[in-house]
Amino acid sequence: MGGVLRKLGALAINGVWRLGFITRFFWMILLYSGQSFTRLHLTIRELYFSGVMSLLIILVSGLFVGLVLGLQGYETLQRYGASDSLGTLVALSLVRELGPVVAGLLFASRAGSAVTAEIGLMKVTEQLKAMDMMAVSPIARVVAPRFWGGVISMPLLAALFSAMGVFGGWLIGVVAIGVDDGAFWAQMQAAVDFRYDVINGVIKSCVFGVAVALIAVFEGYDCVPTAEGVSRAITRTVVSSALAILALDFVMTSFMFRG
Amino acid sequence: MDESLCYNHRPALQQNLMSEPLVRLENVRFAYGERAILRDISLSIPRGKVVAIMGGSGCGKTTLLRLIGGQEKARSGRVLVDGQDVARLGRDDLYAMRRRMGMLFQFGALFTDMSVFDNVAFPLREHTQLSPELINDLVLMKLHAVGLRGAARLMPAELSGGMARRVALARTIALDPMLLMYDEPFTGLDPISLGVIGQLIRRLNDALGASSVIVTHDIQESLQIVDYIYFISEGRVVAEGTPDDIRNTSDPFVHQFVHAEADGPVPFHYPAGDYATALTGGAA
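Protein chains in written order, with my numbering: chain A, 251 to 509; chain B, 13 to 296.
In isolation and in its complexed conformation, chain B is listed as follows (with noise of 0.2 Å):
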């Protein structure tokens, strides 16, 4: 095994990255209905760092997302935000937290019967008694940090999909939240688009001192900005390191994702019968 992985001990740096840390997960598991998504994980968002979560489709990426941000509620173990229990949060103490959150969504969801300007101008409006005047200007300079500024005016169905999703990051980072959340954030996007989208995560991170998490397929765009990654399979971290350690590993399942291979210890097939008796009539 690689050892510059961490799974069963960490290295100094790890340790160090891991103490007081923004979010913590703690034996987590979460199903809906008989279906287990996640089984027992346990993980860390230290403060001030870019972490991304990654594995296939459907192995409980969003979910851990949807835990973190009250919307879901774990079936055991605890989900713990600055150090409070998300879980056992009322309504009231739930949306104080989610004010210092930001989300983005994989397609934006911005608001489409509002321009950019009232999109991002919306969670300024609801949660702060400023002027319009200071309305204004915040929303100015949070869609010039995102390089928007022109298009203030513009309605969501006026935009391409990479500048929908950096209005809806000006939007998320409108509070000035101590967390942010991307749900696949580079899905769909050209590789200009999701450059700047990958640039814009890292640099607004560090510029709010914020902590981020994010939760995607795309292993190079990923390896550029973050400062470490949790790879989840079958509910389950079954890898985690800092980019440097994932590129270095031999790991098979994260060689398997990092190159892109269509079979290892994620199959290409799912699982069937012997193929030969499946053809000459036999049960499939």
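Just chain A, same shape as in the assembly (with noise of 0.2 Å):
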């Protein structure tokens, strides 16, 4: 009893230990995000690695929502007569849960993963520490642009993904099973708002940027020099950005959206 308690402890206190770790962290990178803003081309190049290289992913992963979207969704609103407000609600599906949420699932796995790989490496080989050595702060120079490429690209991406899943849900309901493509356009119009479901899904995804990018550069920031040490910082980016993502989403969703 007395070892399983004393486990919890060391689990608790080591949580706490990371938490206050990786806000001191985020503090620091927002303290040298101003070098990284003023040699631009450092994060140019950092959303072009982040944003740009993800764009593949997040767009067929978009398409295909929106098909299974229309799909599933057409499936139902028919039994009610309502399959003309299925552009209603592929949009408000997509704008308000589904952009935000898979697009940072997404993110973590293909963008997340590789900038903890790229960073951890650059701690095995000794890379970072020479940059110290050098008066250069591997914070302003490789952290900083790598958290902000990431932030910046996070809410482009969900953007896309959602007008993906959109064009993906009207070619299913609209070319493919017939739904009238005038009420799918007006419904759609009628019913998302913009500042109550747009921005909101902006929000959210500028959230889950913040916290894929930061979880990203901790994890490979912090990650044990070694192979195997690289290996488990890209499990734990992987997992713990997904978990972030769905626990923000709900918190923010309680507040957003209360009806």
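Hint data in this document are derived by calculation from the structure and do not stem from the laboratory.
All values derive from a computational prediction rather than experimental measurement.
Hints are all accurate, no fakes.
Label-pair restraints from in silico Cβ distances:
hint, chain 1, residue 1, chain 2, residue 2, range
1, A, I453, B, R112, 44 to 50 Å
2, B, R103, A, W267, 19 to 25 Å
3, B, G95, A, E478, 42 to 48 Å
Don't be surprised by glycine CBs; every beta carbon is placed ideally from N, CA and C.
Using the hints, build the complex out of the two chains.
In structure tokens form, the structure reads like this:
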């Protein structure tokens, strides 16, 4: 019994310690962000690696999610004679929830893991130490540009995911099944509120971007500098990001959409 | 005891070497958690000299470099570099000091996403406002000094171990530092590369008017290029002297180290219980 309590205590202390460390790390990133914006090419390079290189998976996934939403939505709505509302269902589902959440999960798997691996390997090969010994802050030069690259990419990718999803829903609903084209777009336009739906979705994707980018750079920077350590850090990035996205989504949804 | 080695008293030459040292460690103690690494170390790195720090694996040699570079702080004692206590420097002052230091890491630590040219240009671009043309000329001069001007456009993955070490050396001297630190510079090199790196360390030190600290196991190469050697064991300086002192010593520890003997003051066997008892079923 004593042993179990001791382990639980150690786990709790370790959790609090890591939370404190990641908060301090976040503060350091903000402190050094000025340098990464004055040398914009560093951040633009990371935008390319995190954002542009993730485009394919985001667009293809968005299309398929839209296709599935269209099929499932039509199947349910036509039971109640409301198949004309397919556009509303697809758009609201994507803009409010699926766009930010699924794009966030994909972003964590594609770009977050890559960022963790890159920073972790730089640590293993002593590149971060070498930079520090050359009086160049690794947080300013390596971490902050990757963080901001992730934060800026995420809402843009989520928007593209939603747009592609709506297109997928239209393809299935209007082109394949034959739902009225005008009704599809008109109902969507009438039901989707810019501030209530779109802006809240954008806020969600921004928060997910901060969470995923912070977890990715932190895990890379904090990893044990061995092959196994980097591998564990990558796993932690994907798992922690997924949990953080889902937990934050619940919290934000409960505040944003109260009906 | 061999009187040519300076344990308690130093001959005039050594006294002279020690005047106004660039780096001075005074009664330094350091531990990782509960594990003591350095126990009351005092040593000096004179200006303009090449000094080797030797000892077995895990004896705290690299930790010494980390203390000098300000990456670690001593539990007690002082680490003075050019008269300044490294542990008391704020971040900006520490970075200002590091701009006057260069450190060569064990495997070079080249930035793998940059070409050889960009690796050497990195500190110049970060810390100076020089024009691209001037940086180009300086980088080519540094690469020429290590014999790799022709490799400027290669990527680190295309270099051999010896070439990577030489590129890292060019990067280390990019800002003409006052202090050069080498962490195991000879590890994993073939005899030719090893000789090249050794000679470069000596020549660059003299050409730049810098001071150098080499942490290494390689006694034979070191004896040819250094001015002074410290031996560390169990966190203490156990012997020191010039290369001639070391060659002629009868000190058991240094003798074992120089002649690579498997057993001696540094035992072959990790401490354990009685062997016969362990074989007949007793606790090891």
